[in-house]
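Undergrad: Kindly generate the complete structure, drawing on both the sequences and the hints.
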Amino acid sequence: MEIINGLDFKIENSAVSLGKFDGFHRGHRLLLNRILEQKDMHATIFTFDGIWKGPQIYVEQEKRDLLQRLGVEREVLFPFREETKSMTPEAFIQEILVERMDAKLICVGEDFRFGCGRRGNVEMLDEYASKYGYELCVFPKICEDGEVISSTRIRRELAEGKIETANQLLGDPYFVSGEVVHGNALGRTIGMPTANLVPGSQKLLPVYGVYASRVEVDGKIYAGVTNVGVKPTVGASQANVETTLLHFDGDLYGKQMKVYFLYFLRPEQRFESLDALKAQMAYDKKRAEELL
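Residue numbering for the sequence shown follows the working numbering, starting at 964 and increasing by one per position.
No lab work stands behind these hints, which were simulated from the structure alone. There may be inaccurate statements among the hints.
To be verified - Simulated DEER-style distance windows between Cβ atoms:
#, residue 1, residue 2, range
1, Glu1110, Glu1253, 41 to 49 Å
2, Phe972, Glu1053, 16 to 24 Å
3, Val1111, Gly1017, 19 to 27 Å
4, Asn996, Leu1237, 43 to 51 Å
5, Asp1238, Arg997, 55 to 63 Å
6, Pro1018, Asp1089, 31 to 39 Å
7, His1145, Glu1000, 44 to 52 Å
8, Val1111, Glu1253, 33 to 41 Å
9, Gln1001, Asp971, 32 to 40 Å
10, Glu1053, Glu1000, 49 to 57 Å
11, Glu1179, Ile966, 56 to 64 Å
Stated by the list, open to error - With a cut-off of at most 25 Å between alpha-carbon atoms, the simulated DSS-like pairs for lysine-lysine come out as follows:
#, residue 1, residue 2
12, Lys1221, Lys1166
13, Lys1026, Lys1249
14, Lys1002, Lys1026
15, Lys1016, Lys983
16, Lys1183, Lys1104
17, Lys1125, Lys1094
18, Lys1094, Lys1026
19, Lys1248, Lys1125
For clarity, every value in this text was computed on a predicted model and none was experimentally measured. Beta carbons: idealized from backbone N, C-alpha and C, even for Gly.
TA: So this is what it looks like as structure tokens:
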């Protein structure tokens, strides 16, 4: 997938979906599916670089992995800075969507806003469609259980440990990815070796606790038990994602790993002894095997 970052670009014959796309939930997938249907156009995602100030459901590399898997050809990361924030909606349509992107199809959500002061909206995009010769598709919000599917709602579900609901809203299991790093080797000491990921500060983690998971590494899938948190029993302080792979024996250090969260088993807790921790981990493993 081609990544375009900055203002100096020119592409042709694009089917474009515009938005912030924090989580690529089921509402976003409607936009993606529409541009992917256009076999005679280049499926392109347009989003804003630098707009996020806090943790994201999926960090940039994770988003790219998702987009590439779905078949998107290009991602345009439009710089969100003073120079671009002052651009009028009319200039954005003409200079960016038409002249730089050669947009033939534009797909947005019904509440999409753009341009200086957020003055641009779907009505303005529709107004200019005939002048510039593009087709506009506007998608309404979709609901699940009487509530709109949104990144805000998914964040709330993750914070409450409702991982199954979050996954249903996303359309795919929530995941964390990264390189396996060395931990404190406690798991190996008690006979349950773990693979450790340390997500950056930009990654939104679910509520601290233990999850039944599936793990992808070297193109293979394994069942797992994943702890998210700071391991209070051993006095750690940095949040990490620590996974025991079931029915696996091998060295994972330095490998890229993706952990899919499927079921919430229990909150993180402090144990009085390593023996108590080991017993609980064995029980967690048994429950995960039953669920998976």
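Undergrad: Can you let me know if the beta-carbon spacing of Glu1179 and Ile966 is within 56 to 64 Å?
TA: Since Glu1179 and Ile966 have Cβ atoms about 22 Å apart, the given range 56 to 64 Å is violated.
Undergrad: Check whether the Cα positions of Lys1002 and Lys1026 lie no farther apart than 25 Å.
TA: holds, 22 Å
Undergrad: Please verify whether Lys1248 and Lys1125 have alpha carbons no more than 25 Å apart.
TA: holds, 20 Å
Undergrad: Could you tell me whether the CB distance from Gln1001 to Asp971 stays inside 32 to 40 Å?
TA: violated, 26 Å
Undergrad: CA of Lys1094 to CA of Lys1026, is that 25 Å or under?
TA: The hint is violated at about 33 Å.
Undergrad: Look at the Cβ atoms of His1145 and Glu1000 and judge whether their distance stays inside 44 to 52 Å.
TA: Hint holds: Cβ distance 46 Å, inside 44 to 52 Å.
Undergrad: With respect to the beta-carbon atoms only, verify the hint that Glu1110 and Glu1253 lie 41 to 49 Å apart.
TA: Given a distance of about 31 Å, which is not inside 41 to 49 Å, the answer is violated.
Undergrad: For a C-alpha distance cap of 25 Å, please report whether Lys1183 and Lys1104 respect it.
TA: Violated - the C-alpha atoms of Lys1104 and Lys1183 are around 36 Å apart, more than 25 Å.
Undergrad: Does the structure keep Lys1221 and Lys1166 at a Cα separation of 25 Å or less?
TA: Roughly 14 Å between the alpha carbons, so the hint for Lys1221 and Lys1166 holds.
Undergrad: Below or equal to 25 Å on CA atoms is what counts here, so check Lys1026 against Lys1249.
TA: violated, 33 Å
Undergrad: Using the C-beta atoms of Val1111 and Gly1017, is the stated range 19 to 27 Å upheld?
TA: holds, 21 Å
Undergrad: Between Pro1018 and Asp1089, does the C-beta distance stay in 31 to 39 Å?
TA: Cβ of Pro1018 to Cβ of Asp1089: about 35 Å, so the range 31 to 39 Å holds.
The structure shown violates the earlier hints numbered 1, 9, 10, 11, 13, 16, 17 and 18.
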